[in-house]
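Student: What follows is each chain in one-letter form.
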Amino acid sequence: MDFSVLTDQFASLTFDGIALGFIYVLIALGYTMVYGVLRLINFANSEVFMLGSFATILVSTKIFNYTIESDSITGFKLVYTMLAMLLGSMIVSGLVSVLIEIVAYRRLRSRTSNRLTSLISAIGVSIVLAESVRIATSSAPMGAPRLLDKAILATVWGADIRIDTLLVIIFAIMLLITLDLFVNKSRLGKGIRAVSMDYDTSRLMGININKVISTTFLIGGLGTGAAAFFYITVYEMTRFSIGFELGLAAFTAAVLGGIGNIRGAFAGGIALGLIEMYSSAVFGTQWKSITAFVILVLVLLFKPNGIFGESLQQARV
Amino acid sequence: MLNFNLRDWGAGLWEKANKWQRNVFALAVIAGVFALPLLEKTFFNTPSTPFVMILFYPIGIYVVMALGLNVVVGKSGMLDLGYVAFYAVGAYTAGILGTRTSLNIWEILPIGIAFAMLSGAILGASVLRLRGDYLAIVTLGFGEIIRITALNSSAIGGANGITNIPNPPTTFGLKFDLDNQVHFYWAILIMIIILIVAIRILSVRRPGRAWESIRQDEDVAELMGVNTYKYKMWAFVFGAAVGGAAGVLFASKAMFISPNMFTYNTSILVLAFVVFGGMGNIWGVILGATLLAYLPERIRFISDARLLIFGLVLIIMMNLRPDGLLPRKKREKIGTKKAVKL
Amino acid sequence: MNKKIKASAALVAASALAFGALASTPASAATILKIAYQGPLTGPEAQTGTDSIRGVKLALKLYNAKKPAVKVEVFEGDDQGDEAQGGTVGAGIAADPAVIGVLTAYSGATIAALPSYKAAGIVIVSPSATRASLTDPTSPSYGGPVFHRIISNDDLQGPALARVATNGVKDPTVFVVNDQSSYSTGLTDVVKKALGTAFESEDAAAKGTNDFSATIAKIKKTKSNVVIYTGYYADGAKFLKQLRDKGYKGIYAAGDGVLNSQFPKLAGKKQSEGARLTAPTVPLEVADPKTAAAFKKEFGADPGVYTTEAFDATRILLQAISAGKTTRAEILAYVKTIKFKNSAGVTLSFKENGDLLGSGLMNQFVVKKGAIKLNGKA
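Protein chains in written order, with the working numbering: chain H, 1 to 317; chain W, 1 to 342; chain E, 1 to 378.
Isolated chain H (complex conformation) (with noise of 0.2 Å):
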């Protein structure tokens, strides 16, 4: 245990907690945003993450023609190819995010199965695409051509700020913003809210409840989508192992602000990201995995409705 790093560098580790936060935030929506309409843990939501994350490299290699050794571009081609990566990213995403929810979750919402069912479905449908990939890459890494020059803007209280993590910073407030602003305003926003609310009596009300179901998935595929285009801003580097290793914390995020709404992603993926850098910093970055099993174990316990939960009363017996 070793504190001083942490008091020597905690400006630094802080403003990496923040940025790391973000991604996990963007990643979370996608699981908060489908358990507050279906009371279900969308399994595969880390997957969908993993694939966006190839899909953005894929679009600068194979589309724009860049390789791992370019050299980074400036000005408008810059800006017009990371949005491009974006898009892909999030159109990927969004559309698998989609086909998961026809594939292994559609026929088991008619039945009266319980759970449990759904649950190893999406087990399911997250081991299949994890392996897919890894047999196609063959558990090799695939790096990201640098396009934005890692550029070192300014250097506030002993933390470098780098031009790559406050894009993903701003780029993420922007998303989230639009975001909250989409379910509180919108007519499908309406709807989703009510069948969070209430399933039974949204339908019979005359909600569309698979035109929501479907629009809560691609919400929740798009936020995932550009998260992974901001985690290969940052990292520059992705496998098929990329989903299981994040998706677990940004789940442990979601359920630590509050499961079901968007204001608790926001402050659990903040919370989380810089609380794994503390941590990592005072007992070293082997135990960081285990610091988000240990907050979620220990949240469902103590407060299961997080920091912002309404009382989701499924959570406890």
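Hints were generated in silico from the structure; no laboratory data involved.
Here the structure is a predicted model, which is why all the values come from computation and not from measurement.
Even glycine gets a Cβ: it sits at the ideal position worked out from N, Cα and C.
Take the hints with a grain of salt, since some may be wrong.
[Stated by the list, open to error] Now the in silico label distances, taken between C-beta atoms and shown as ranges:
| hint | chain 1 | residue 1 | chain 2 | residue 2 | range |
| --- | --- | --- | --- | --- | --- |
| 1 | H | K190 | W | K230 | 37 to 47 Å |
| 2 | H | S214 | W | V24 | 54 to 64 Å |
| 3 | W | K175 | E | P140 | 20 to 30 Å |
[What the hints assert, rightly or not] Per the computed footprint, the stretches of chain E lying under chain W, defined by three or more beta-carbons under 8 Å from a beta-carbon of chain W, are:
| hint | stretch |
| --- | --- |
| 4 | 81-92 |
| 5 | 177-184 |
| 6 | 231-242 |
[Said to hold, decoys possible] From the structure, some residues in chain H lie toward chain E, with a derived Cβ separation under 7 Å:
| hint | residue |
| --- | --- |
| 7 | V5 |
| 8 | D8 |
| 9 | Q9 |
| 10 | I68 |
| 11 | S138 |
| 12 | S139 |
| 13 | A140 |
| 14 | K150 |
| 15 | T285 |
| 16 | Q286 |
Got chain H; can you put chains W and E on it based on the hints?
Tutor: Leaving out everything else, chains W and E in the frame of chain H:
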């Protein structure tokens, strides 16, 4: 198309037979199973590893684990995604005690089971008040915590694992070493038989009925006076004991264990066996585990895609035939003490 | 109901027969012996396995072309560099009576497979397992009497890596990072000892770690000017990239686990410039250009990491066979007392504990312009 009920057909035959026929049949099956290694000379043989070794691991070990997980998932309806943790606890107990004390494996076995049960109780106490989905995620986390802790603890070998774990000593004149693989297989067969008997007994008595009611509707069960917490704990601890036993045996045969052998994938594999075979049905689970453990060894080209196929199995089974190959009975037999039959 | 049963039974029987026909192995002829390669043929480390097994296959091809009395084939044992699989693959290799010798690739997987090889008395000639404990009679993972290696072990690589990393650095403060694998922790121990007072601090980042921010924060705090990474190339590349992107200007050095042509690409051309590596291997083009040319012709690719050593290890076993030894016991005894001329023309023989007799080879490499270049002895 898929609603042919193999289980009911088999049960129908069984009901019609008299006691004589049943006993002869059971003995024949048991003898046949013990003699399975003879199949090595036929096309059942596995190309890359000796058939008799396959019978022990992966088939035997996974059948044991599937039976244990079946009690937790199949009979009681609790989705445990971290089942590999108990397997790891048993294996590491064998590893540590086997290399540092003079106890032999048969003496270590009850200790390993006890430790596994303890972990099951600890995990159970923490999570049993949670609902299905949360239970699943937390148990998954628990499995990972065990693995990563083992990885980070150099006192128990860390990344290097534990080597030179001893084989079991010569028992009843049977040697347990690399030349006598078939004895390991028989040992695990005996364990499976004991398990089947134990589970059958539990199933027809109160624990089994309690599990069934919890699986069907926990709230109703609670209202009807079933102490759901106690019986869920029973299921958990029983499952953990079984996992631990499998772990001890595995460690004493492989003679080397490391944290990489106890990953989330193993938990998923065992879950696939249970789901595929028929949740809640002992014979279904045995059949499912045997098939799914054997086939990748026999057909090498699917060996690398094994996990992929299991994922597909999970999706297909859940969507088309969620009851598995051999579904559980519609109503469990209600047994009185007098009428307990096997 | 009956028809359905019959139909499904027939279907099952038919498919079983079909599977059997498809997948049954041909019986092996009596005068064919096999040399096994146990290593990562698939998976993230597949490049190393592929490079090495090609060395094996080339040696076998050249040998079989001379129409010897006993033909020799390769037995491919894929363990993906993973210990758990190493144990099962090793058992399978040991159980095949035609196998008279095996090359094992990774230290962890070798240790897992040792019980099977020891019990079967099969000789191991490893081209790349460098963990020192394998030849240490006091260690629980001692490989004797079957284990031999044709390269120097980490007891030699550790000090070499420490030297290479701190070469030209005034007042070095060294930060060591391992990936918690068997190989990495072993190498780390030796490096730390060799560094002595220059060693500052360390961290462990499990294989598969994506974010090294905390480790880098520690490095910054300790103001270390040298970083040594003792794991494998994929994480080593990730780590180096993040290290440089966060403004680290000091030396980055790593062991042979990082020696892989993908390393500079994944780390980034700019970031990997100047990275220093050590490895007990010599590129085939340098050791024996003629064989390297034959290799290129055969496989249409350049020889890679440990190709030379795999090639030589195979030739050691082939030399035993050529001398008329055909059983495992004979070949093990022969290898123990062998005098063998390797590709570079140096005569080798083994010590009792399986290490090479005489001075060990250790080379250093440096990354320049996105490619790894040999930089002399370490």
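Student: Would you mind marking each hint as holding or not holding in the structure?
Tutor: Comparing the hints with the structure gives:
For the pair K190 of chain H and K230 of chain W, the supplied restraint of 37 to 47 Å holds, since their beta-carbon distance comes to about 45 Å. Between S214 of chain H and V24 of chain W the beta carbons are some 58 Å apart, a value that agrees with the proposed interval 54 to 64 Å. Checked against the given bound of 20 to 30 Å, the beta carbons of K175 of chain W and P140 of chain E, roughly 23 Å apart, stay inside it. With 8 residues having a beta carbon nearer than 8 Å to a beta carbon of chain W, the stretch 81-92 of chain E meets the requirement of three or more and the stated coverage holds.
Look at the stretch 177-184 of chain E against chain W: 4 of its residues bring a Cβ nearer than 8 Å to a Cβ of that chain, three or more, so the hint holds. Restraint check on the stretch 231-242 of chain E versus chain W: 0 residues with Cβ-Cβ distances below 8 Å, three needed, restraint violated. Annotation: V5 of chain H was flagged as interfacial toward chain E, and the flag holds, the nearest CB pair being 5 Å apart, inside 7 Å. Proximity of D8 of chain H to chain E holds as hinted, the smallest CB-CB distance being about 4 Å (cut-off 7 Å).
Hint on Q9 of chain H holds. Least Cβ distance to chain E is approximately 4 Å, under the 7 Å limit. With a least beta-carbon distance of about 5 Å to chain E, the hint placing I68 of chain H at the interface is held under the 7 Å criterion. The interface hint given for S138 of chain H is met, as the beta carbon of that residue sits about 6 Å from the closest beta carbon of chain E, less than 7 Å. Taking 7 Å as the C-beta contact cut-off toward chain E, the hint placing S139 of chain H at the interface holds, the least distance being around 4 Å.
Annotation: interface hint on A140 of chain H holds; nearest CB of chain E at approximately 6 Å, less than 7 Å. Among the interface hints, the one on K150 of chain H holds; its C-beta lies about 5 Å from the nearest C-beta in chain E, closer than the 7 Å criterion. The interface hint given for T285 of chain H holds, since its Cβ lies 4 Å from the closest Cβ of chain E, which is under the 7 Å cut-off. A least Cβ separation of about 4 Å between Q286 of chain H and chain E falls short of the 7 Å threshold, and the interface hint therefore holds.
Hint 6 alone, counting from the list given before, is not met by this structure.
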